[in-house]
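Colleague: These protein sequences, in sequence, are chains Y and F.
Quick note on numbering: our numbering labels position 369 of the first sequence as 369, and the sequence is numbered without any gaps.
Quick note on numbering: our numbering labels position 382 of the second sequence as 382, and the sequence is numbered without any gaps.
Be a bit skeptical, because a hint or two may be false.
[Stated by the list, open to error] Residues of chain F clear of chain Y, computed beta-carbon distances all greater than 10 Å:
1) Leu77
2) Leu84
3) Glu174
4) Leu190
5) Ile200
6) Trp250
7) Val366
8) Arg368
9) Leu382
10) Met433
11) Asp441
12) Leu473
13) Arg474
14) Ile561
15) Leu563
[Unchecked claim] Just so you have them, the derived chain Y footprint on chain F, three or more residues with Cβ under 8 Å:
16) 176-182
17) 271-279
Since the hints were derived computationally from the structure, they do not count as laboratory data.
Predicted, not measured: the structure shown is a model, and the values here were computed from it.
All residues carry an ideal CB built from backbone N, CA and C; glycine is no exception.
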Amino acid sequence: MTLTLEAPAEATPLVEVHGLRHVYGAGKSGPGLVVLDDVNVSLRDHEIVGLLGRSGSGKSTLLRSIAGLITPSEGEVRINNPSGDAGQSAVAMVFQSFALFPWLTVEKNVELGLEAKGLAPEVRRKRTLAAIDLIGLDGFENAYPKELSGGMRQRVGLARALVVEPAVLLMDEPFSALDVLTAETLRTDLVDLWTEGRMPIRSILMVTHNIEEAVLMCDRVLVFSSNPGRVVAEVEVDLPRPRHRLDPSFRALVDDLYGRMTTQPKPTSAQQGARTGTPGLGVALAVLDTDTLASMIERLVTPPNDGEADLADLAAHLQMEADELLPIAETLQLMRFADMAGRTLRLTPAGRRYEAADVDRRKQIFAQHLLAYVPLARHIRSVLDESPSHQAPASRFREELEESMSPAYAEETIEAIVTWGRYAEIFAYHEDDDRFSLDDPA
Amino acid sequence: MVFLSSDRLNAGLLARFARRRLAPNRYDLIAMALIGAIAVLLVHGARQMNLPVAALHQTPVTLDLARLPEYALRSTLRMFAAILGSLLFTFVVATLAARSRKAELLIIPMLDIGQSIPVLSFIAFTLTFFVNLFPRSELGVELAAIFMVFTAQAWNMAFSFYQSLRTLPSDLEEVCRQFGLSPWQRFFKLELPFATPALIWNTMMSMSGGWFFVVASEAFTVGQTNYMLPGIGSWLAVAIQREDLAAVGWAVAAMAVIIIVYDQLLFRPIVAWADKFRFEMTASEIEPQSWFLDLLNRTRLAKRLLTPLSGWLGRLIPTRPRVVRSSRPLNPAAALWIDRVWALAVTAAVVWAVVTIGLFLIRHIVVRDVLEAFQDGILTLLRVAVLIVIASLIWVPIGVWIGLRPQWAQRVQALAQFLAAFPANVVFPFAIMAIVALRLDPDIWLSPLIILGTQWYILFNVVAGASAIPTDLREAAGIFRVRSWQRWRDLILPGIMPFYVTGALTASGGSWNASVVAEFVSWGSTTLKARGLGAYIAQATAAGDIPRVALGATVMSLFVIVLNRSLWRPLYNYAEDRFRLT
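Excised from the complex, chain F in its bound form (with noise of 0.2 Å):
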């Protein structure tokens, strides 16, 4: 899923950097033929291995509603392990990223393809490879669901803390080397609080797209093999195999609470606690409140534990040893040697990965089958495109009248974030029950399931865009009796114009990744199917077919990749050059 930071803090600086590196460079070309091989490789070992692997011991899922309770948190456990992974990634690859030159280039365009790639199109590979890596258990079925949700949320965190890095406060750094602060006192005194409040909002915004992914990743037939784990993903395939609507019904009503209580407990608390690392001197107009984090401010014991733990935490950090800058550049012999062994092994493992792919293209894939994936991409590119269009001409205009009403504005707020972090995929089985009864055509109204859970982005993004219009600006228009077309053309547009990008880009890559899941649907002994490129990986996932899993997964990437370097990303940059209101 593409997600660029919807902060607005930090979308200047994002902007800046989006520039930079419009057009492909070669580097963006190592990095797609690595991640392609890495791709092949992971699905030869599948196949070396026999599949299926029938000897997997599974607990049966039953839908029995007194372990439903069990099945949330397990689905819930799965996502905050997701994000400590995706933590735990951000913070080594994105403080290699900005240490090393050498490292920033490879790593920047692997990040940059990493999110742009529809996830669910390789559940196929991650799933075997775990399995093969742990055969006899659970474990690698439940590695392969984290790794997938891991999969959709790490690189735009990764981006974020990158990109804070890099735009450290220059006088602050200064103040850190005068007084010779060791790099880790650097990274928790500088570094980290400089990071934190960007990589919250992204981590946020990560979980929220994570649901969605947890839930498609807990139930998943490749071949003959049926993979069913403990949780609302799998509660809800066992209810759609019968057809049982009341439990679909306790689905939804589950993942209700869970993000409730995850955006009360969790959420609002740290981004209320976060906005003290702002690196404003002045305060927020509005403080993020939390009632969660004022209850534990209150309470006498949290803080006895805490107190000292922070203390101790802080004899940790080493101090650094006394002794004068000696930061010598190395002699210019040596550093040209390290280029060209660097050079070398970048250029040894582009020639792997090209062999590989291309020995792998000729042995399985012959031409028509990628015809036909290119077909099918551009009925999946139409269908989603229409569908932003249609999501846009509906949303817009009601989320920029909410966006003026201050008083409606912040409760929509919070709902349509809350519907956005809902997983759409959980209330599919409502509209496929719906198409079966009414008889329609799956290619047509399957379609609208892809923007089901997407089109939240654009009413929210509407929303905030239409509320930052200065009161200024509106009185001027209000006085020179600018209205109805004026009005939108002048005023309302240009300043919802970045905002509403930032919405349709992010609406956009979820819709490519739901494609996955909405085009190939089932209710019962009865399977829907709407062309698409969605549709033929789904198909060729559950019928075992890797290669040709890996053709639909390749193509799409290549699409999404293509629309956003060529469309969304010059747009996102003219917008934010023209219309930001700063």
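Pulled out of the complex, with its shape left as it was, chain Y reads as follows (with noise of 0.2 Å):
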């Protein structure tokens, strides 16, 4: 990767990103993981662009490869920063997180940049309160961060950012740690300053799962695929602001990006089953309880829905993001429950028994899904009943799956599968020396 910081010229962007690839783990292990395949990303001056994706999709590193944080495998990161003044950085960055230091006070920590770059102490105190004063947070400059709530907090984080007078500020899921409220306010705010321009700064890039979030502060948005990560959509959002989410423009547009982020190509488990030697092995699952698919169900046969429902109402009604909806969705109809057509979740016949059946009936009808349409379960229960003891360690299942996905993911399918296996009674697992068995008693 090469930096490079450059002299303005018209119409240059002030970001470009050309051919970025990233692998996480490659090496003796094997090919590695991808999670940012041939991304070509440019951030114009002036805009906010929001960078939507599934969690997987490596938005979160192409941000970090942007900060300078992580260097990517292959490709590059260009930073046309016009002023290449010694107070102002080319980038910073807002985290999830907030990454606050506990022991530094408010001040203290928006201070942090500016005492890296080596400024006067009258000079950094002057911005550092300058950026407390128009993020709103006069009054708290003595305050340690555990006296804070979770919105003033993200607020220093954006002071701290703002301070150091970035070219483009990177914000890497800013709202998500926050409740619905605070998150709304926060947002507001921000997009306040952006348009009265009091911001010291030229652009945004935002990541987010929230697609609502997207539309309403971003003008254009990019849609991300998972696994590998790869741009697949590019949306301009030309509302005018303020936006309103009930405006039906507002509507139609959320709607579109639902649709374009279920309909994405899916992670091709034939291909990657293929690797392995038992065919759909490659398929990572969500870690999803039992109750929550079954309620999900139950939902879709709740008046107004009639076996069927369209994803982003769903998602308003239930107050749930993109990104917690999807997986359900998602489980639902890899184990046949329901089916996925665009925005549409429908219910299959199967899915329809499951809802008037009892929590026996209910059990074995889910069993019978496992077995048949999940080759993880499959697989489980025929290496326990050919084996003699009728036992299996489960590292021996891990390592399988991680031969087509990344330890984290081998973790979770292993954590979904214990959860749904143990629900459907089609085997036992014992934490205690992390082994399957056939849980007969006799």
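Now that you have both chains on their own, put them together as the hints suggest.
Modeller: Next up, the structure:
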């Protein structure tokens, strides 16, 4: 990777990313996990661009590559910073977890970046107080982060980034750790500061998995696919500000983005499975409670839904974000309890049977479907059936999974299969010694 | 003395850390060989020099009450010198281990073995070495005593700092990199503050274990030479020699005053101050309080003095020159060469170590000696094991009873910590007198002295564990009328388990050390001996029989290391895994 600082030129994008590709864990153990593949992005002057995608789509990796925190395996990141002033930075970042130093006061936290630049104490103090004032934190200068609410903490994070006057402000899911109301206030405040031109920045690049947030704040949204992360769509948001969530054109855009996020090419399970002995074993499973799955099935037959529902409507109703809702929908589809067609989730006849059944019958249906449609469940069961002692160490399956996915995904997949297998009573798992067994008392 | 942090914040990290290296690897062996060789070399140096150093000028220690405050002060200063040394050692060595993978591979096993070695058994070496360095002044003896205390303290501090450096919160690390903080800024803004709570806790625990060694190392006889450093320990030694019970009483009183003063003026203020460095976004439930810190905070003068000082210090920290990152990895060929040179250097060091040890053993030790040392080791092991069991049977029920009553717990906790810090060797004379007067069998009745000072670790850990049992679990047990044995089996024992194991393992490590001074004692002209490895070492030291001291020390280290690896650490991991309620 090369990082170049260049003089401004007319119509030169502020940030240019060319052919970015990033692989985690490449080396001895295997080819590694490709998190970003052939990503080309440019950020123009004076715009807010959103990177929208599911978890595992490499959005954060892209953001960190631009921030210089990660050196990508291939490709180029170019930041064309027009003013190379010593008191200013090319980029500054706002973190999802706020990343405040608990032992420093608000003022000292904000001052951090200026101190690193070696500015004189008087200059630092003046700029720090100005940033604190801008972001609405005056009065809190001497507070420690632990005394602040989540919203106030993220304001400190924002002030800390703004005080170094970055050309590009990078934000990594800045509002996702906040409650709904606080997040909304912060979004509005930030957009207001932006439209009034009061922030010492030129453009904003933000990562989000919240579709409405993207439509509310951004001028342009880039939709990412997962595994590996690629840009699959680019959507201009040309709604006038201030934007309103209930505005029909706003809704239309949200619906459109929902569609783009659901219809993205799925990870090709057949191809991934081909590398392992058992076909289909390469599908990573999401850790979902069986009660969550059951209540989603029930929700689909609750009026006004008649066995089917629009995903965006469901999300709005359940106050869920796309990132939470989509794994549920996909798991139901995987187990053939529902079908996903575009933005519509529709219950299958099996799904309806499940919904109508009592507790024991539900378990039976779930067990049938688990064994029939989830290759990993079938695989574990057959290994246990064939083994004379009817038991097998979980590490064995974990290793098999790791041939086609990262250890973290393998761990989650095992966790999911344990939960479902226990509910369906098709096998037992013993945490003490990390092994599966057939739960046969005899 | 073995000490695993009982800091609850850090315990999880420690467990993960401990689990990773359960089985000894080749680096353990390398570290062991190197340490052994260095010890042999020290002895060799000592033999070159012609003992005794008769010309050593020493101020005689008198039992003049007017001089006791001065003695107390000098003992305290020795303690502070050792703790400063330990802190310096911690910053350098732990940082090195955290920054360099190669250094880490050697340093960490060395720290681990260092903390398993019963340092008292090595006093003959350190004394002769330092006296040799400064043959004509008291400085050598002084340094030897300080070094003894240092070797009892430094390891767990370095461990704790290393662990903190390895577990820095990744988002804060990213902030530092993103804003381009210089390594020094990073150290003062992130690394040091993050490590502070655990480091302070470990420093305090080290100090509290250290008084024992201060007392023990001030008066020692190696062969013909009697070393006396003015301090509480030598006051005590003189009192024992003269069978002066009143003087022993004064030593006890002076020690108590020192410990209370240090607790009030140092420990508590620092802990209260360090509360702000806890890496938690919530305020702690019970904020540590210190009247002395409040007082300091209220004085205007102290602030006037401190504020400019910190500003001045702040300016000293260099900022990073504004350069674009260029941490290109070394080219593979060069990296390979560096690896090879490193491996060669380590191999050479090990060969040297093995040869040195081998020559020494062949020259001085016969098989019968080794057998005797091992037999004595088994006797001491038996003693330690039986006493840990007895102490547990006594203190676990009492600790649980207290821990479940919050109004008692806090007061008893302070008392137990005081007793754990109190050097048990100061009260040994009372017990010895009783044994002499009642003509008791020293093989049995000297044994309790081994655990006299260390049993309190069991008590205060159990109290902490019992008070940490969640109220809802206790209420649930109450509602379902879970009583007697079932209540112990399902609620109390699991609840206190991780705490108890920490306490018992600390007590056991301390007891091995104590055996060196407890199995071989005297009162006036009477000498009592309980057969065991501690007595073996103490006797060899008194006789100036360096090879046998070395043998005894090595065997004791082996016992402790094997015990730690095969019993305490697996037990600790198991307790952390299964019973830690968080």
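Colleague: Of all the hints numbered above, which does this structure not satisfy? Sort the numbers upward.
Modeller: Checked against the structure, the hints that fail are numbers 3 and 4, while the rest are satisfied.
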